[in-house]
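As you go down the protein sequences, you meet chains U and B in turn. Be aware that the first sequence starts at 1, since it is given in our numbering, and climbs by one per residue. Be aware that the second sequence starts at 1, since it is given in our numbering, and climbs by one per residue.
Calculated directly from the structure, the hints in this document are not laboratory data. Do not take every clue at face value.
[What the hints assert, rightly or not] Restricting the straight-line Cα-Cα distance to at most 20 Å, the calculated cross-link-like pairs of lysine-lysine (PhoX-like) are: (1) U:543 with U:15; (2) B:244 with B:232; (3) U:679 with B:244; (4) U:270 with U:233; (5) U:392 with U:412; (6) U:43 with U:27; (7) U:690 with B:244; (8) U:370 with U:392; (9) B:346 with U:27.
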Amino acid sequence: MDCWSKLGIEPTTNKRGIKIAYTELLKLCRPDEDPEGFRQLRKAYEDALTESRFLKDASHPPKQEPDTVKEDEEPLGNETIPAVVSVEEITSITVLDQALTQLYHDVDRRHRKENWEALFNSPVSFELDHARAFEDHVVSFVCANNLLPDEVLTAFALHFRFVEEFIRFESREYFRQAQYLYYYLHSGLQRLAYPKPEILPSDSQAHLEFLQTRRMVEDSIIFRYLPPDELLKTYQDSIKEDHELRLYIARYCLGYGALEQVHQLLDSDKAAQVGGDAFALLGECFYRQRLYKEALQHYQHHARLCSEIPATTSKGIALSLAGLGEQEAAMELLLQLVDQRPHDFEVRQKLSEIQRQKIEELKGNTDGEKGLQLGQLLFDVGLYNECMAIIKPMKYYLENQSNPLLAKCYSKLGNYVDAGHEFYYLIQSARLRQENIVDLAAEYILCCELDLGPNQFRKIVGPELSKLCEAARSNAEYAYVVALIYTRMPGLLKVDRQQEADSKAKALYFVDLATSLAPNNGRYHYLRGSLMYKANKDEEAIKSYEIARPLDYADYLLNFRLGMAYFYTKQYDMAINRLEFTLGLNASPRDEYNLASRLIICYSKLGNAEKTIEWLAKIKGNEHTKSNFAHTPLCVLMDNCMHLPPSVPRFLLELISTLENIRELEYKQYCDLFLLLLKQMGDEYDEERKQLEHDYNSQGKLFSH
Amino acid sequence: MILGIDLGTTHSLVSYFDDGQPCLVSNASGQVLTPSVVSVDDDGTILVGTSAKHRLITHPDVTVSEFKRFMGTNKTFTLGDHTFDATDLSSFVLKSLKSDAEEHLNQEINEVCISVPAYFNNKQREATKQAATLAGFTSIRLLNEPTAAALAFGVDGRQSEEAHYIVLDLGGGTFDVSLLEVFNGIFEIHASAGDNYLGGKDFTEAIVQHITERHRLDIATLSRQDKNKLYKAAESVKYQLSEKLSTGISINLSEAAFEYQLDLSTFEEICEKLLHRIKQPVIRVLSDADLATSSITGVILVGGATRMQLFRTLTSRLFKSIPRSDYHPDEAIAKGCAIQAALLGKENAVSEIIMTDVCPYTLGVAIVGRGAMGEEFLPLIERNSTIPVSESRPLVPAHPDQTGVTIQVYQGESFDPQHNLFLGRLDIDLPDDPEKRRILLTYTYDLDGTLEVEVSIPGTDKRERAYIKDGEAHTERTTGKRFEQLKHLKILPCDQQRNREMIARLERLFEEYTGQNREYIGFLLRHFKEVLATHNKRKVEEAFKYVEEELHYFKTRELEI
Ligand SMILES: Nc1ncnc2c1ncn2[C@@H]1O[C@H](COP(=O)(O)OP(=O)(O)OP(=O)(O)O)[C@@H](O)[C@H]1O
Ligand SMILES: [Mg+2]
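Just need the whole structure built from these sequences, with the hints factored in.
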């Protein structure tokens, strides 16, 4: 048995995934209870971690090791030219900077990586607290001076573990640094496909290079910084034709609304060369220009090229058809699409537009097939009362057909009692006719999602549960229904802890099933997101919630949890997006406080002093700040502020000093540390420090009011 | 019931797990911290704790403290007619804690979980276990101190939150650093490092040295009492510098009396070397775990000496963050021991907690040098491997005609086995058949830190196994025999301790004060002793109260440490 099967996962390079598998299994063979089992598990885990590194290599087939510097080419000679600054003297970053610059301009010495390595080992680098600054500094130095030979770059990359740096920079949106690092990683370390140009002339050239190395990352951060026309121009200026990149830029331009540029990049001939979804892209471009005929052509052409038509293409076809006035065909397609993309606003809008037109046509019919059709349409566009008026007299007709339209109207109007009765009748009569009532039970659950009484649950759902489960295996909607049942079950029926845990596990299982059967369904993902969030699986929650978000952008709970999940997974900029948005959604003062304190942490983690202060100022007035400060312990906030300019901790200190329930000693420690911080900041803050020290010593308190 | 004990250099605590949480036991004088000090009374009774601590000044010849540093060594201490080693002394402390707990819980308890510095080597661990055996415990589990602190600290916060905490434990005599990762509800200790000979004591010593230099004293010629006074003064200066920026104290020695002033920045200067030593294990842990300081979620400080402003400043500088202060640095370890005890006892309340620990040293075997340069150290279990762990290696004899091999087990990091700690040896006869002259060496290191060495010869059913307990140090006397020897010693029973402490305290005060105050304390002392001799419970109680009230006046001036 190899390590992967022992861990129960497929071979993967995802370290987190391996770790999660390990920790889950660890709960089953604890080191104190099952030492042998644990030893085996641990071994599998460590092996997997090791193997995963090689897996990564396998996906990038090893390239030919280019000739390294030939031994005899350059006389080595030990005579290092005496530097103006000796390594021992480098005790501060400024001196280091001098030394780096000197070495850089020293044409004889800078080609030898030993000379650089000596700098890495200067005293300043050993200071734990300087180590980071030192690295940051070296990295920006490297980024600013890119004429170093690969060998030296490689030494840099190895020494400073640029891969991690890259991630760090990227998350901090130091995109320029990230970009260079990434570039160097590829040219200097792995020497991948793209030969390094002698000089990087302009920023956009660099962008392009960068793009080429990581285009697979959708919506790459670079785009935010470069206008489409410039990007286009750069691309056209470059000599190499690169289909993938062309398509990529076209897609980006389209997203930017730069339709002109899209056409410049792609015409039908080019699209045929480029392949991929170039035709769909062009289709969309035409559609936006209201050239429906061309749009339809291109979409249909794309559909013919695909073995399975992508939903976006069907949508394009449907919308183009509608644009051309072919309502029937459009509606048919749209109805299918609503199922596939329930959260697609455009689809829903178009559909209801067409449906309203049809309602106008059918108006006046009150019974029979046409009446039912009209009722259904009214229901679909959300005119429930009008629908009721037509179908209520048809009650028995509906019952005979097992048509839950009436019941659904009741539930839509919030009358769950009558809805429950209706469903019960429907189901009983269907049972008498010995029909399959799984569908009805499922409908019932879906309608009354929120208001399901235990009795109805037992009467209607209980007997069908096993059949539902059976059907769920191949039907996403049923899987969703079952997941809903299991989510609600613990609240509905009295269950013990074991049953509760079982329900939870089942809910997760079925919601996973539903989302794997219908990966784009927002409703399913909404439920999955909630379940994952509650199970503390933040990353999964994020995935699902992001898919569910278009369903209702202003959903408070979703935004709140999504923000928190981003926060917990340390994706601070994303967290800020969500949390600030949530705050705009009528948060209660208590939530407001909680959200704001997370925002403070986010901003401080991102090094944004201004915003940190801004939010600190906001919580200052909050009634919960006084009582709830302990929710985000002071030290956490303070901690997060210490690396920012002194104005931030100072502001926080002032805030703290207005609190009543703060312990004297704790407060004192904050003051001391703050003074210390000022001291470290050097002369610039001397005045301020002296003043504060004086206040502090005389009043025993800083900023006392 | 299983007890948890934090056996510290300066203080020890005992705890147990009840009602879903760890509880600390107070000793006879109502304190949870029992000083790790042992003294022999005039009648031969062994005194432990506060009463013994007072006698450090009054009866320095029959009192010892800070013996934890000598665990696992041959050093002996002579107290009056008796000679003890650190193991014996620790056993007295453990015994006294045991009886405190038994008194409190009203039942006999023989199982214990004792914390040791993570960086304790196997000899030191074994000595601790022996001490527990001598104290009458029958089932003993050891736990690393920072791990205990992490356990105690651990369970708060959102479980899914992935976090790395660094635990710094600067106690009286040892410094431990551990890195704790919380992931998916599991606590994993990643790496431990430390310095067994660095603690609050060394900072006191630095001050003592500063005093002697400044005032031209020769520590070697001072009387033992003066020396203790000097240490006591230095200790109190150190304490005060945890509270303010500068302080002064007047010191009265038999030969000289003077005022001594110290401020924080000078203190920092004179401790520069110590502060540098603190940095080393921190750097090592971070690099072993391959982590940058920026990925550290929080810094957890435990151990009394982390109260020093000096230390706090250093850590906040190193990590650019303020250490957590929402828990008690003295009690965290004892509480963690109680939680571990609950884990051992499979209590429901802790069934969710899983913690994995590491072995702090590399374990290996001496082999013939591959470069013909004498012996080499061949590691089997690398340091910071997650335990329990088991590793095997096939070995062949150096010479084809060899009929036996000697396995020499070492612990440490050095290439040269001589620089590592020798743990034990195992002699193996090899089979006659030269084809079969090869061995498979297996080391198994369990949760307790016990190393099992197994040698098997493939192709035969020969198997030798040894538990490496201690090196040669203790071989000349077995624990059982020592147990008999120590059994005869009387340790002051709990109910008498409070009164004994009062006498010790009065005696100490008598020496400290002069003039009228001194006379008055002499009077109190005489009075209390007389009442004690009557054995009248009620009267003793009254006298105790009376003396206590009188002393209250002195207390404001007395530096209780
Ligand atoms: N307020 C304080 N300021 C300075 N030092 C202090 C303070 N309180 C305690 N200490 C120091 O802390 C040390 C005792 O800490 P602690 O009780 O945690 O150690 P320990 O557990 O006995 O020792 P170890 O863990 O090393 O075996 C002593 O050296 C003492 O001087
Ligand atoms: Mg301790």
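Hint-by-hint comparison with the structure:
no.: 1; hint: U:543 with U:15; result: 18 Å, holds
no.: 2; hint: B:244 with B:232; result: 18 Å, holds
no.: 3; hint: U:679 with B:244; result: 17 Å, holds
no.: 4; hint: U:270 with U:233; result: 17 Å, holds
no.: 5; hint: U:392 with U:412; result: 15 Å, holds
no.: 6; hint: U:43 with U:27; result: 16 Å, holds
no.: 7; hint: U:690 with B:244; result: 17 Å, holds
no.: 8; hint: U:370 with U:392; result: 15 Å, holds
no.: 9; hint: B:346 with U:27; result: 14 Å, holds
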